[in-house]
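Participant: Could you build the full structure based on these sequences and the hints that come with them?
Here the sequence shown stands for residues 0 to 549, where the numbers follow numbering that gives the first Met the number 0.
Just so you know, nobody snuck in bad clues.
When the alpha-carbon atoms are kept at most 30 Å apart in a straight line, the in silico DSBU-like pairs for lysine-lysine are as follows:
id, residue 1, residue 2
1, K121, K502
2, K154, K243
3, K374, K502
4, K374, K341
5, K94, K121
Pairwise CB distance ranges, derived in the manner of DEER restraints:
id, residue 1, residue 2, range
6, Q453, S244, 54 to 62 Å
7, A278, S190, 42 to 50 Å
8, T157, D291, 38 to 46 Å
9, A416, P323, 42 to 50 Å
It is worth saying that the hints were derived from the structure and are not from the lab.
Beta carbons are placed, not taken as given, at the ideal position from N, Cα and C, and that holds for glycine.
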Amino acid sequence: MSDSSVTTTPSTPRNRRIAAGAGLLALLLGTSVGVKAMVGGSDDTASCPDPANVQVAVAPEIYPVVAQQVSVLEKNPALCADYTVTRSAGESVGKAIKLGSSDVPDVWIPDSSIWVDDVDSKLGKDWATNSGSIASSPIVVGVPKAQEGVTGFDKTATWADFLTADKLPVSVQALDSSSSALVAMGIANRSATDHGDRTDLLRSIVRLSRSTLQPDVLASFAVQDAEVARAYPLSEAQLMAFNKSNPTRQLHALVPQEGAPQLDYPFVRPVKGRSAPDAVIQALLTALRGADTKSALSTAGFRVPGGSAPAGSPLPTDLKTVEPLSATEKVSAVKSWADLAKDARMLVLIDVSGSMSAEVKPGQSRIQLLSGTAKLALDALPPTTQIGAWGFSTDLDGKGKDYLEMAPDIAPIGFTAKGKAHKKDLITKLDQLPGLVAKNGDTGLYDSIWAAYQSATKSYQPDYINSIVIMTDGKNDDPGGGLSLQQLLANLKGAYKADKPIKIVAISMGEDTDPAAMKRIATTTDGLSYVTKTPDEIATVFIDAFLHRS
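Facilitator: Encoded structure:
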């Protein structure tokens, strides 16, 4: 993790040492060093033979101030404590706590309460005591000098406009460095109220989540020419630090229409921490809310409770701020990012029964439309997406076998030579769909779904969102018998595992389908069900199914 080592060490040498972190937390945080301060009334260690050990995990950018305050605490004759302060990403600490790690800090100061509410959503609110914010920093868009004047980087832009503009040179910071991307996404999501806006936003998150950069990389890009420079959300404190270091290539602060959301740096004490005495925890909290710390925070570019903007801030004095994200919005932002950042692994079942030959547009059959839509989807989806394809009808691959494994391997569709070859093979198989429809089979839907589910279960990969996407224009119609709806539902219910989910996404096309049955099938696997009434809806629905696949 970038900037994970200690770069600021309190100057007082008495009873101080650098120590390695340990256990699961250290592994997840990607950092193993901290500042330990022995607090006692004299240099005689006999006066403090058994100091309380206090683990403090703080956001990287606020670490120097907290570490310095620890050095001041050692002068307090009433305390006997051993503080270890580490730079720690909020995402990583939150993950450790949710995993039930016993190696949890006594004090956690993430850059945003978005991580605290995310833990609340799993453990309930009783897992910690939240004493509120010790500092804040508004989030704006930093526009490099080389990009000033570019259409789109102006005051009329909303957060959604900024994040969804594919043609703008935009990036976001990696979550192990800043929560700015998540907070900005949460605000943008508020204004994305209709289906099209939400689809655009979710599609942009797929793109941005795969191209996050560390702050030092974005800063190095920002001082270069228009071909390299990238605009990005950042905090006021980061903006001030950048501009101080680059007086001739400063970032312009763009505040989108809604206003600036905040990083809020809450002081959190997990109940299942290392059980440090209340007195030493309270001493740290009191110190961090004291006048000296407030002055240090302001000097470092942060805003403090009850205070004004830090001196020299380039943000307007009448800065418009937005209503903080609700707990629900925060949890949704974390989940959406995590889900969309994870690659999809889909087995697509395509109906090739005789009814797919029906004309939906002059000179274009339903299967031709579907084939063309699938090709467009292959170009729109990330190249790391894994896809396999089956066709289904009745007796399609011999008597009693209603499905044909056209592209049986569920494999990536890009990047490597093998991935590109797989995509080319998928396109070839899509071109062959009209020939399969010409056989005029019926709709062996239920048997094909169950066979596909069994196959996907055997090849399940935990690092992906595993799903089965079914595209059909009819109801189950299998003259050879086969599974009933109740039998299929029972099979799926027995096979579905919440810890290894394979979700069914059902897309029903036209008026001759059985939406109620398809919804029951999808719901059994915690999946999704769509009904398209017009040909033009198919492409939108397929992309939406990908974006909402989890």
